[in-house]
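Can you build the whole structure from these sequences, using the hints too?
Top to bottom, those sequences are chains H and V.
Sequential numbering of the first sequence, starting at 161, is according to this note's numbering.
Sequential numbering of the second sequence, starting at 189, is according to this note's numbering.
Some clues are possibly wrong.
Unchecked claim - Under the rule of at most 27 Å between Cα atoms (straight-line distance), these lysine-lysine pairs were calculated in the DSS-like manner:
id, chain 1, residue 1, chain 2, residue 2
1, H, 196, H, 230
2, V, 290, V, 245
3, H, 268, V, 199
4, V, 199, V, 258
5, V, 199, H, 227
6, V, 290, V, 258
7, H, 260, V, 290
8, H, 227, V, 290
Said to hold, decoys possible - Per label pair, the in silico range of CB-to-CB distance:
id, chain 1, residue 1, chain 2, residue 2, range
9, H, 210, V, 226, 26 to 32 Å
10, H, 254, V, 227, 25 to 31 Å
11, H, 268, V, 283, 40 to 46 Å
12, V, 259, H, 179, 38 to 44 Å
13, V, 283, H, 165, 27 to 33 Å
14, H, 186, V, 216, 19 to 25 Å
15, V, 257, H, 199, 30 to 36 Å
16, V, 270, H, 198, 25 to 31 Å
17, H, 268, V, 298, 16 to 22 Å
18, V, 193, H, 168, 26 to 32 Å
What the hints assert, rightly or not - Covered stretches of chain V (chain H as the covering partner; in silico rule of three or more C-beta atoms under 8 Å from a C-beta of chain H):
id, segment
19, 267-273
20, 291-300
Keep in mind the hints are simulated off the structure, nothing from the lab.
These figures come from a predicted structure and were not determined experimentally.
Note that CB positions come from ideal geometry on N, CA and C, so glycine has one too.
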Amino acid sequence: GEDVEQSLFLSVREGDSSVINCTYTDSSSTYLYWYKQEPGAGLQLLTYIFSNMDMKQDQRLTVLLNKKDKHLSLRIADTQTGDSAIYFCAESLDSGGYQKVTFGTGTKLQVIP
Amino acid sequence: DAGITQSPRHKVTETGTPVTLRCHQTENHRYMYWYRQDPGHGLRLIHYSYGVKDTDKGEVSDGYSVSRSKTEDFLLTLESATSSQTSVYFCAISESAGVNEKLFFGSGTQLSVL
Chain H
161 GEDVEQSLFL SVREGDSSVI NCTYTDSSST YLYWYKQEPG AGLQLLTYIF
211 SNMDMKQDQR LTVLLNKKDK HLSLRIADTQ TGDSAIYFCA ESLDSGGYQK
261 VTFGTGTKLQ VIP
Chain V
189 DAGITQSPRH KVTETGTPVT LRCHQTENHR YMYWYRQDPG HGLRLIHYSY
239 GVKDTDKGEV SDGYSVSRSK TEDFLLTLES ATSSQTSVYF CAISESAGVN
289 EKLFFGSGTQ LSVL
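Written as structure tokens, this is what we have:
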């Protein structure tokens, strides 16, 4: 199966850490991604992690991958109002000739000043 | 948006009319995709192209057709629009369909079918 699930909404205070969670069902995922969508815009790739890694850090962003539980998380340190957006996780699967990317439903992050 | 232009940005049309959305890229990327975004569904792949005149169906292709006569342009056509096709449509491109499929998205087209 190829379901990617996320909670719909997260609210945090400016300066706190945000943790956005995602679960997926296909253990053969090769790469997992986090995309950010600001209002009225397309999705922007934030970061990605290869499936044989446990963690990846990129400035304020930390991605954790638990393959056993098929759980992916994105931690944003020192969350700013500019981080308010919808965050999508996605998985990449070999689909017989091309890499099929399946997206979650998105988590809306609200940052309270 | 990584040299990707979608047109129009907004369109209102009536049920039963044909509609064509255009995606234009200046990156010379081989792969192009059309997605639709609906509340509660995230993004779903409609069609994709892996080269000029080479296209294939995604998971929600019924009622849609595509054409790619040039590397830079990928057209999505709704042959006879229905209200269920009211959505936000995104074009995306990628340099290769290797294992790491990094997608770059356009700004989207808001389509309303009345």
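Numbers of unmet hints, in rising order:
The structure breaks hints 5, 11, 14 and 19; every other hint is satisfied.
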